[in-house]
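S.K.: Sequence:
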Amino acid sequence: MSWLCFDCRMKGTQILISVCVIRYQQELPSLISSRPDKHVSLSELKKLMEWKLTRGKFRPRLQQLVASNSEDEVEKCSRKAFTLLPDVQAAIAELSCLKGVGPATASAVLAAGAPEQAAFMSDEAMESVPGLKPIHYTAKHYTVYLEKMTERTEKLNRVDPLQDWTPHRLELCLWAMSIATQLQLQLLKDIDVRGNAAGKKCSDSEADQRPTKKLKSA
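Letter by letter, the sequence shown follows residues 530 to 747 of my numbering.
Hints may be right or wrong, so weigh each one.
Unchecked claim - Here are the simulated DSSO-like cross-link-like pairs (lysine-lysine), alpha carbons at most 30 Å apart as the crow flies:
#, residue 1, residue 2
1, Lys684, Lys575
2, Lys684, Lys669
3, Lys684, Lys662
4, Lys669, Lys609
5, Lys609, Lys576
6, Lys684, Lys605
7, Lys567, Lys662
8, Lys669, Lys576
9, Lys628, Lys684
10, Lys567, Lys669
11, Lys677, Lys662
12, Lys662, Lys605
13, Lys576, Lys605
14, Lys575, Lys669
Hints listed in this document are in silico derivations from the structure and should not be mistaken for laboratory results.
Generate the whole structure from the sequences, applying the supplied hints.
M.R.: This is how it looks when you write it as structure tokens:
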């Protein structure tokens with residue numbers, strides 16, 4: 530499967546590309562996994578909030594609230610949250626004790642450190658899941674969302690020989706497809722769920738009309 534590697538946000542006809550996604554998709558998971566006791570630092574939580582706000586409504590007040598937490602509070606709270614897994618509800622509740630952190634931000638922390646157990650609560654993914662509308666940013670709504678994402682992940686792993694689907698990866702897929710639809714990236718129409726070409730091959734003239742940017746693998 531091809532993935533959009535940068536977060537895109539529409540502002541009129543201009544697309545804003547944020548490198549914050551590199552920190553979240555690559556750097557933060559590596560840092561968390563390298564620690565004997567999984568946790569995030571205050572600096573990492575602040576950067577994660579910056580990334581999250583590029584994917585939704587910009588709320589500068591949230592950045593201020595997150596920054597008001599102490600280093601000790603963030604490390605202690607996040608450390609306990611990861612030890613509470615696989616009880617995702619308890620982990621979400623623990624992280625939500627931090628100022629400026631709600632279920633959505635808490636889900637982002639857990640997805641970065643435990644992608645096989647959690648998925649980020651993104652608007653695009655939730656809107657793509659049947660039966661979730663209207664969307665509520667509550668722990669209860671996240672539980673229903675994660676249950677549906679986990680069920681779909683299990684189904685995908687039963688038909689995909691690689692069996693490498695996780696709730697986190699599925700969220701990325703739903704987000705990427707939503708953004709690709711907004712940007713009218715026709716290239717995605719020729720890719721099926723396993724990443725194989727679908728349909729007939731296009732002519733040289735048709736290929737020339739395709740977007741020049743390549744989708745990178747995440």
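S.K.: It remains to establish, for every hint, whether it holds in the given structure.
M.R.: Hint check:
1. Lys684 <-> Lys575: violated, 35 Å
2. Lys684 <-> Lys669: holds, 23 Å
3. Lys684 <-> Lys662: The hint holds at about 22 Å.
4. Lys669 <-> Lys609: With a Cα-Cα distance of about 20 Å, the restraint between Lys669 and Lys609 holds, given a limit of 30 Å.
5. Lys609 <-> Lys576: holds, 20 Å
6. Lys684 <-> Lys605: violated, 36 Å
7. Lys567 <-> Lys662: violated, 33 Å
8. Lys669 <-> Lys576: It holds: about 26 Å lies between the C-alpha atoms, which stays within 30 Å.
9. Lys628 <-> Lys684: Since the Cα atoms of Lys628 and Lys684 sit roughly 37 Å apart, the hinted pair is violated (cutoff 30 Å).
10. Lys567 <-> Lys669: holds, 25 Å
11. Lys677 <-> Lys662: holds, 13 Å
12. Lys662 <-> Lys605: The given pair, whose Cα atoms are some 34 Å apart, is violated under the 30 Å limit.
13. Lys576 <-> Lys605: holds, 18 Å
14. Lys575 <-> Lys669: holds, 25 Å
Of the hints listed earlier, those the structure fails to meet are numbers 1, 6, 7, 9 and 12, in rising order.
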